[in-house]
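Undergrad: Sequence:
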Amino acid sequence: MKIIVGTRGSNLALTQTNMVIDIIKKAHPNVECEVKIIKTKGDIIKDLPIDKIGGKEIFTKEIERELLDGTIDMAVHSMKDMPGELPKGLKLSFTPEREDYRDVLVLRKGINSIDDIPLGGKIGTGSKRRKYQILKCRPDLEIVGIRGNIETRIKKIEEENLDGVILAAAGINRLGLNLGERVVHLDKDIVLPSPTQGILAIEIRENDNRLDNILKSISHTKTEIQGKVERAFLKGVGGSCHIPVGAYCEVVGDKIYLEGLLGTMDGEVLIRRYIEGNLDSLEDIGYVLAKDMVKEMNKA
1 MKIIVGTRGS NLALTQTNMV IDIIKKAHPN VECEVKIIKT KGDIIKDLPI
51 DKIGGKEIFT KEIERELLDG TIDMAVHSMK DMPGELPKGL KLSFTPERED
101 YRDVLVLRKG INSIDDIPLG GKIGTGSKRR KYQILKCRPD LEIVGIRGNI
151 ETRIKKIEEE NLDGVILAAA GINRLGLNLG ERVVHLDKDI VLPSPTQGIL
201 AIEIRENDNR LDNILKSISH TKTEIQGKVE RAFLKGVGGS CHIPVGAYCE
251 VVGDKIYLEG LLGTMDGEVL IRRYIEGNLD SLEDIGYVLA KDMVKEMNKA
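Quick note: the sequence shown uses full-length UniProt numbering, first residue 1, plus one each step.
Any given hint could be a false lead.
Claimed, not checked - Pairwise CB distance ranges, derived in the manner of DEER restraints: (1) L179 <-> V269: 32 to 42 Å; (2) T264 <-> E97: 46 to 56 Å; (3) I190 <-> K26: 29 to 39 Å; (4) P87 <-> L175: 24 to 34 Å; (5) L175 <-> K216: 19 to 29 Å; (6) M1 <-> K91: 14 to 24 Å; (7) N11 <-> D292: 38 to 48 Å; (8) K61 <-> L119: 38 to 48 Å; (9) N209 <-> E97: 22 to 32 Å.
What the hints assert, rightly or not - Think about it this way: if two alpha-carbon atoms lie no more than 27 Å apart in a straight line, the pair counts; the simulated DSS-like pairs of lysine-lysine are: (10) K26 <-> K216; (11) K295 <-> K255; (12) K299 <-> K235; (13) K155 <-> K122; (14) K36 <-> K25; (15) K216 <-> K61; (16) K26 <-> K222; (17) K2 <-> K91; (18) K61 <-> K235; (19) K216 <-> K255; (20) K228 <-> K295.
No wet-lab data here; the hints were simulated from the structure. A virtual CB, placed ideally from N, CA and C, is assigned to each residue, including glycine.
Let the hints inform the model, and build the full structure from the sequences given.
TA: Right under this line is the structure:
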């Protein structure tokens with residue numbers, strides 16, 4: 001069997017795609033995989049903030065079109081880039097183990113912690129979720145909007161005289177970047193991650209049972225649970241790139257603990273709430289927390 005795998009062309013996207021292919025081949029040595037690079041709107045338009053050119057679909061739409069047309073068989077995405085609702089005819093299949101879910105600060109040389117950043121220091125991020133949470137911790141900081149792949153954003157520290165940039169730990173780990181003491185992990189109490197951050201999304205056609213069965217062999221149970229719960233929360237709040245949204249689900253035994261973040265576009269209101277439940281109510285837990293937080297936000 002041959003599988004044509006669609007992906008974006010960044011170093012991280014290709015690394016993630018090849019990771020998935022390697023896991024598939026270990027379980028199914030006779031399966032042949034071919035990578036097809038597809039440019040998305042988000043890759044082509046690089047000089048505007050994400051929320052000015054669309055929502056999360058700017059990184060997925062062109063790939064999903066090829067999946068529906070049958071020119072590719074599956075697509076590998078970062079799950080945090082996936083819109084809450086998928087196009088009709090597509091679904092998310094099984095997924096391997098989650099990477100580190102946290103955000104990190106990559107700091108300028110000579111700065112070793114968030115407290116060492118000078119008063120009024122400049123931090124780069126294109127994410128409202130990251131921006132407004134880090135300002136809760138350090139209200140004096142100036143947040144500079146940046147875009148680009150991981151390597152590009154790290155280079156902007158020198159190019160734009162920044163004191164640091166905020167990135168996902170998962171991307172740095174998957175690329176094997178050795179940045180030493182310049183990397184400071186941000187605990188979720190400081191910056192709650194994007195829903196499903198660190199999880200890979202493997203998207204296929206809804207009726208492709210043969211491929212679904214192949215992908216079942218790479219499934220990681222805890223990650224599958226976290227993905228379902230956090231995506232349910234994302235759908236429930238109508239999450240997009242336009243408002244700050246964060247979520248993290250922890251699984252302990254048969255219990256689920258979900259923490260959510262929801263804010264206004266300008267960050268004036270930022271709500272964090274928590275809920276717990278059982279393994280028999282995965283999506284329900286995400287939707288219940290989302291519904292309660294949306295109701296609270298509407299009253300704020």
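Undergrad: Each hint needs a verdict: does it hold in this structure or not?
TA: Against the structure, the hints come out as follows:
1. The hinted window of 32 to 42 Å between L179 and V269 holds, with their beta carbons roughly 34 Å apart.
2. A beta carbon spacing of about 35 Å between T264 and E97 contradicts the range 46 to 56 Å that was offered as a hint.
3. At about 37 Å, the CB distance of I190 to K26 agrees with the hint of 29 to 39 Å.
4. With their beta carbons about 29 Å apart, P87 and L175 fall inside the hinted range of 24 to 34 Å.
5. Taking the beta carbon of each, L175 and K216 are about 28 Å apart, inside 19 to 29 Å as hinted.
6. At about 19 Å, the CB distance of M1 to K91 agrees with the hint of 14 to 24 Å.
7. With their beta carbons about 40 Å apart, N11 and D292 fall inside the hinted range of 38 to 48 Å.
8. With their beta carbons about 42 Å apart, K61 and L119 fall inside the hinted range of 38 to 48 Å.
9. A hinted range of 22 to 32 Å for the beta carbons of N209 and E97 is consistent with their spacing of about 24 Å.
10. A C-alpha spacing of about 13 Å is found between K26 and K216, which places the hinted pair at or below 27 Å, so the restraint holds.
11. Between K295 and K255 the CA atoms are separated by roughly 25 Å; this keeps the pair inside 27 Å, and the hint holds.
12. Between the alpha carbons of K299 and K235 the distance comes to roughly 20 Å, so the proposed pair stays at or under 27 Å and holds.
13. Taking the CA atoms of K155 and K122, the gap is about 14 Å. The hint holds against a cut of 27 Å.
14. Restraint check: the Cα-Cα separation between K36 and K25 comes to about 17 Å, which is no more than 27 Å; the hinted pair holds.
15. With a CA separation close to 25 Å, the supplied pair K216 and K61 stays within the 27 Å bound.
16. Restraint check: the Cα-Cα separation between K26 and K222 comes to about 21 Å, which is no more than 27 Å; the hinted pair holds.
17. Straight-line distance between C-alpha atoms of K2 and K91 comes to about 20 Å, which keeps the hinted pair within the 27 Å bound.
18. Annotation: proposed proximity of K61 to K235 holds, straight-line Cα distance about 18 Å (limit 27 Å).
19. Distance restraint check for K216 and K255: the Cα-Cα separation of roughly 24 Å lies within the 27 Å cut-off, and the hinted pair is therefore satisfied.
20. The straight-line distance between the Cα atoms of K228 and K295 is roughly 22 Å, inside the 27 Å bound, and the hint therefore holds.
Taken one by one, the earlier hints fail for this structure only at number 2.
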